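2 protein chains.
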Amino acid sequence: MKRLVNDGYDVVEEMLEGYAHANQKYVKLDEESQRVVVSNMMSDEPRVRVIVGGGSGHEPLFLGYVGKDFADAAVVGNINTSPAPDACYRSVKAVDSGKGCIFLYGNYSGDVMNFDMAVEMAEEEGIRVETVLVTDDVCSAKARENRRGIAGDVPVFKVAGSAAAKGYDLDKVTAVTQKANDSTYSMGVALSSSTLPVTGKEIFFMEDGDMEIGMGIHGEPGLERRKIDPADKVVDEIMTHILADAPLSKGDEVYVLLNGLGGLPVMDQYICYRRVFQILEEKGINIHRSEVGNYATSMDMIGMSVTLVKLDSELKELLDAPCDTPYYKL
Amino acid sequence: MKRLVNDGYDVVEEMLEGYAHANQKYVKLDEESQRVVVSNMMSDEPRVRVIVGGGSGHEPLFLGYVGKDFADAAVVGNINTSPAPDACYRSVKAVDSGKGCIFLYGNYSGDVMNFDMAVEMAEEEGIRVETVLVTDDVCSAKARENRRGIAGDVPVFKVAGSAAAKGYDLDKVTAVTQKANDSTYSMGVALSSSTLPVTGKEIFFMEDGDMEIGMGIHGEPGLERRKIDPADKVVDEIMTHILADAPLSKGDEVYVLLNGLGGLPVMDQYICYRRVFQILEEKGINIHRSEVGNYATSMDMIGMSVTLVKLDSELKELLDAPCDTPYYKL
Chain A
1 MKRLVNDGYD VVEEMLEGYA HANQKYVKLD EESQRVVVSN MMSDEPRVRV
51 IVGGGSGHEP LFLGYVGKDF ADAAVVGNIN TSPAPDACYR SVKAVDSGKG
101 CIFLYGNYSG DVMNFDMAVE MAEEEGIRVE TVLVTDDVCS AKARENRRGI
151 AGDVPVFKVA GSAAAKGYDL DKVTAVTQKA NDSTYSMGVA LSSSTLPVTG
201 KEIFFMEDGD MEIGMGIHGE PGLERRKIDP ADKVVDEIMT HILADAPLSK
251 GDEVYVLLNG LGGLPVMDQY ICYRRVFQIL EEKGINIHRS EVGNYATSMD
301 MIGMSVTLVK LDSELKELLD APCDTPYYKL
Chain B
1 MKRLVNDGYD VVEEMLEGYA HANQKYVKLD EESQRVVVSN MMSDEPRVRV
51 IVGGGSGHEP LFLGYVGKDF ADAAVVGNIN TSPAPDACYR SVKAVDSGKG
101 CIFLYGNYSG DVMNFDMAVE MAEEEGIRVE TVLVTDDVCS AKARENRRGI
151 AGDVPVFKVA GSAAAKGYDL DKVTAVTQKA NDSTYSMGVA LSSSTLPVTG
201 KEIFFMEDGD MEIGMGIHGE PGLERRKIDP ADKVVDEIMT HILADAPLSK
251 GDEVYVLLNG LGGLPVMDQY ICYRRVFQIL EEKGINIHRS EVGNYATSMD
301 MIGMSVTLVK LDSELKELLD APCDTPYYKL
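Chains as they are written, first to last, in my numbering: chain A, 1 to 330; chain B, 1 to 330.
Rather than coming from a laboratory, the hints here were simulated on the basis of the structure.
Any given hint could turn out to be false.
Since the list gives no way to pick out one identical chain from another, each pair is judged satisfied if it fits inside one copy or across any two copies.
Stated by the list, open to error - The calculated EDC-like cross-link candidates involving lysine to aspartate or glutamate, where the alpha carbons are at most 16 Å apart (straight line), are:
hint : residue 1 : residue 2
1    : Lys233    : Asp7
2    : Lys28     : Glu224
3    : Lys329    : Glu291
4    : Lys93     : Glu130
None of these values were measured; they are calculated from a predicted model.
Could you put together the complete structure from these sequences and hints?
Structure, rendered in structure tokens:
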């Protein structure tokens with residue numbers, strides 16, 4: 001156990017207290033539900049509101065993207081656990097401005113159940129809430145709709161935030177966000193487990209020196225566990241899977257996210273990015289914009305994922321639109 | 001060894017290659033020295049140029065702060081090793097615009113030796129180069145001038161970058177940067193070693209479950225090694241040392257940086273920040289602005305440091321001035 005926490009049962013509340021103090025320019029905790037982080041920078045004009053959320057332990061996902069012209073609220077669950085339906089519902093009440101809301105989260109069954117209950121609760125009060133599930137992990141299932149959501153959350157959320165900021169109505173925000181998700185392809189590798197503060201233990205056992213290609217951010221099984229390969233070989237394997245799935249050809253444009261899972265040094269992230277760049281360059285696929293860093297983590301898990309978004313002019317414009325949040329500034 | 005690298009001897013070059021590709025909007029590698037990262041966003045007007053640097057392994061320090069109106073160049077050494085004098089000299093040649101340059105780096109003997117040689121080389125060509133050493137680690141020595149530089153690098157560099165961007169001359173940039181350093185107080189804790197890519201081993205042995213209060217970012221000895229305490233107790237101890245050293249009283253204003261050393265989860269960083277906030281609030285010391293995150297790391301080292309900068313109106317204005325770099329945007 002190499003964590004700096006107090007009582008393991010208090011980690012989420014204490015984190016949120018610290019987060020709200022450190023980022024008071026951007027956010028506050030909702031008074032009725034301390035598990036809802038609300039933007040201080042919402043437009044005065046009525047707009048579609050973008051609400052993201054999921055379990056804790058993936059910071060800066062989800063709360064780090066609440067601010068100006070990105071997400072308007074984040075709903076916060078316990079570690080690796082969906083937020084409660086009440087908190088999801090409360091987030092709608094806290095931000096809706098009469099134009100409806102969109103729920104955006106990774107495709108995990110607990111999240112789907114609880115957010116869907118909140119959709120019903122809101123609709124009973126006449127507030128329309130649409131949902132787009134992020135389903136970017138190419139190796140989690142063959143069919144897009146069964147895939148898990150990992151770091152692809154970030155560009156998909158960004159598209160929604162920009163679309164809402166431009167004043168798109170709820171149908172249009174939903175449609176373009178769904179298109180963003182359907183254009184997003186990710187795959188990762190884990191070299192360690194994360195450590196749970198309550199037990200002080202790893203959530204699964206990983207032999208030192210092993211890695212698991214394709215593992216999910218909660219430790220969901222990947223394709224294969226074996227000794228850690230050189231970075232280039234790991235990236236080659238991940239890119240082979242992504243490019244086999246994504247309909248990308250020479251001349252296409254992509255957005256690239258090389259996401260650190262928490263414990264992987266910045267140095268290693270750029271060594272991996274270097275190889276992603278080489279592969280795309282070799283294939284004549286143009287990189288419109290890249291980001292490298294810890295965008296969607298699993299606490300102290302060592303590992304990374306690669307995300308590609310196949311771009312058209314609409315997605316490009318929305319991905320590049322200005323925004324200002326603690327962990328995303330354009 | 002839980003790193004994602006290729007040959008351990010190539011890590012710095014491969015990182016720099018990836019970094020330059022991913023951040024081509026901001027930087028390029030100098031053609032003559034591939035160990036100098038140069039801003040693509042320097043003002044066309046002649047200005048004092050701000051050059052930072054040091055060993056690798058502390059990313060996003062130093063290269064992450066090269067861009068617009070912050071650092072103009074970073075000189076990159078091997079892991080935990082000073083950059084070579086040639087590279088330091090070459091950085092001056094790459095960015096000087098006739099108004100002189102300022103070298104800024106943490107106070108380590110290898111860095112001092114090599115950067116000082118470059119100062120002489122530049123001065124032989126009539127280019128004036130001043131130096132401010134960052135000496136913020138309160139527990140590394142009693143006298144300010146003997147202290148090591150840790151995460152305090154970031155606010156001290158920022159002050160210099162803003163002063164240069166405002167068109168201050170070299171004397172004035174140097175004076176205000178020195179004032180910033182002399183107003184900066186830091187102390188850290190480590191819960192693990194970092195891992196060297198070449199050996200695949202930790203740089204020092206730390207028993208699992210132990211921590212060392214006051215340890216330096218290269219593993220320099222701290223005050224005491226013992227079992228990991230609850231976060232609040234660790235922060236209390238760090239803040240006691242910082243506040244015993246810093247001349248802060250009720251009503252004073254500070255900038256706060258809660259810096260993660262690489263492997264500490266974002267969650268734990270905010271739990272620690274929460275306690276810093278409580279202590280300062282209790283003492284009536286006003287937090288002007290706070291930052292929480294991995295600003296100066298030691299690769300995969302698990303740990304954090306707290307930095308306070310005592311502010312006056314000049315430092316406040318310079319710390320808050322706009323800038324745009326891959327890892328620092330205001």
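Hints, one by one, checked against the model:
1. For a Cα distance limit of 16 Å, the shortest separation of Lys233 from Asp7 across copies, 12 Å, qualifies, whereas the shortest one inside one copy, 41 Å, does not.
2. Taking the closest pair of Cα atoms, Lys28 and Glu224 never come within 16 Å of each other, the shortest separation being 42 Å inside a single copy and 38 Å across copies.
3. For a Cα distance limit of 16 Å, the shortest separation of Lys329 from Glu291 qualifies both inside one copy, at 12 Å, and across copies, at 14 Å.
4. In this homomeric assembly, Lys93 and Glu130 come within 16 Å of each other (Cα to Cα) only inside a single copy, at 14 Å, whereas the closest approach across copies is 57 Å.
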